[in-house]
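Visitor: Below are the chains, spelled out letter by letter.
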Amino acid sequence: SQQGEEDPQALSIQEGENATMNCSYKTSINNLQWYRQNSGRGLVHLILIRSNEREKHSGRLRVTLDTSKKSSSLLITASRAADTASYFCATLNRGSTLGRLYFGRGTQLTVWP
Amino acid sequence: DVKVTQSSRYLVKRTGEKVFLECVQDMDHENMFWYRQDPGLGLRLIYFSYDVKMKEKGDIPEGYSVSREKKERFSLILESASTNQTSMYLCASSSPREQYFGPGTRLTVT
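So the sequence lines, in the order shown, correspond to chains A and B. Under my numbering, residues 5 to 117 are what the first sequence spells out, in order. Under my numbering, residues 13 to 122 are what the second sequence spells out, in order.
Okay, chain A solo, but in the shape it has when bound (with noise of 0.2 Å):
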């Protein structure tokens, strides 16, 4: 079963604006991480964020977490067409061992060149 449920489903936005997705999820967690998949490709991780944390800084990415709303964001600043992509938020639940990750349906981000 899915735990995140991310927000809008798709989004699509001209080169150099910023591009916000949401995520919510249902359960406690250790952590929450995002993932950008290209088309037809696999999954890439790109950054992770504790539970204890509330922000965290990769490059252009911006990702916040508010564990008393159970959701977090990710921002992607100055897009670019090369970030077209679906985005997708995955939990690794409290409690949970083996390193199971409960996915969401994901965000389909088009940059307009």
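Simulated from the structure, these hints should not be mistaken for lab results. Glycine residues also receive a C-beta, built at the ideal position from the N, C-alpha and C atoms. Any given hint could turn out to be false.
[Claimed, not checked] Far from chain B, some chain A residues (derived; all Cβ distances over 12 Å):
1. S16
2. N22
3. A82
4. A86
5. R98
6. W116
7. P117
[Stated by the list, open to error] Label pairs and their calculated CB-CB ranges:
8. B:R21 - A:S100: 24 to 34 Å
9. A:E59 - B:R26: 46 to 56 Å
10. B:N96 - A:P12: 26 to 36 Å
11. A:R54 - B:M39: 17 to 27 Å
Given chain A's structure and the hints, the job is docking chain B onto it.
Guide: Chain B in isolation, oriented as in the chain A frame:
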């Protein structure tokens, strides 16, 4: 560099055939996973394995089985392929920090 490979990128099989999807990782990870991905449904976990010969059912194990005889190799088996198993199949292995995915196998069952 970390690597997860899958035996085929594209596969076409007939209904009723037994299908083997192979996944190999070179990172000495203990945990490996098989997902299927369908439009609008995201990634759904079929099976995972936490050690050689050890396996756990995921959310949609029906119609599938798995084999893990060696640590680096995790196989997904469709015992009798059906058209509703047409999908993208993704294998992953995990470190404590993240999962590493293979490129995927797009399986079509006709």
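Visitor: Determine for every hint whether it applies to the structure shown.
Guide: Okay, the hints, checked on the actual structure:
Look at A:S16: its CB is around 18 Å from the nearest CB on chain B, clear of 12 Å, so calling it non-interface holds up. Distance check for A:N22 against chain B: the nearest CB is about 24 Å away, which clears 12 Å, and the non-interface claim stands. At roughly 25 Å, the least C-beta separation between A:A82 and chain B is larger than 12 Å, which holds for a residue marked as non-interface. A cut-off of 12 Å between C-beta atoms confirms that A:A86 is not in contact with chain B; the least separation is 18 Å.
The beta carbon of A:R98 is kept farther than 12 Å from every beta carbon of chain B, the shortest such distance being approximately 15 Å. In this structure A:W116 is separated from chain B by more than 12 Å, as the shortest Cβ-Cβ distance comes to about 22 Å. For A:P117, the non-interface assignment is confirmed: its Cβ lies about 25 Å from the closest Cβ of chain B, beyond the 12 Å cut-off. Taking 24 to 34 Å as the suggested C-beta distance range, the pair B:R21 and A:S100 conforms, at roughly 31 Å.
At about 52 Å, the beta-carbon gap between A:E59 and B:R26 stays in the expected band of 46 to 56 Å. For B:N96 and A:P12, the Cβ-Cβ distance of about 29 Å falls inside the hinted range of 26 to 36 Å, so the restraint holds. Between A:R54 and B:M39 the CB atoms are about 22 Å apart, so this pair conforms to the stated range of 17 to 27 Å.
The earlier numbered hints are all upheld by this structure, with none contradicted.
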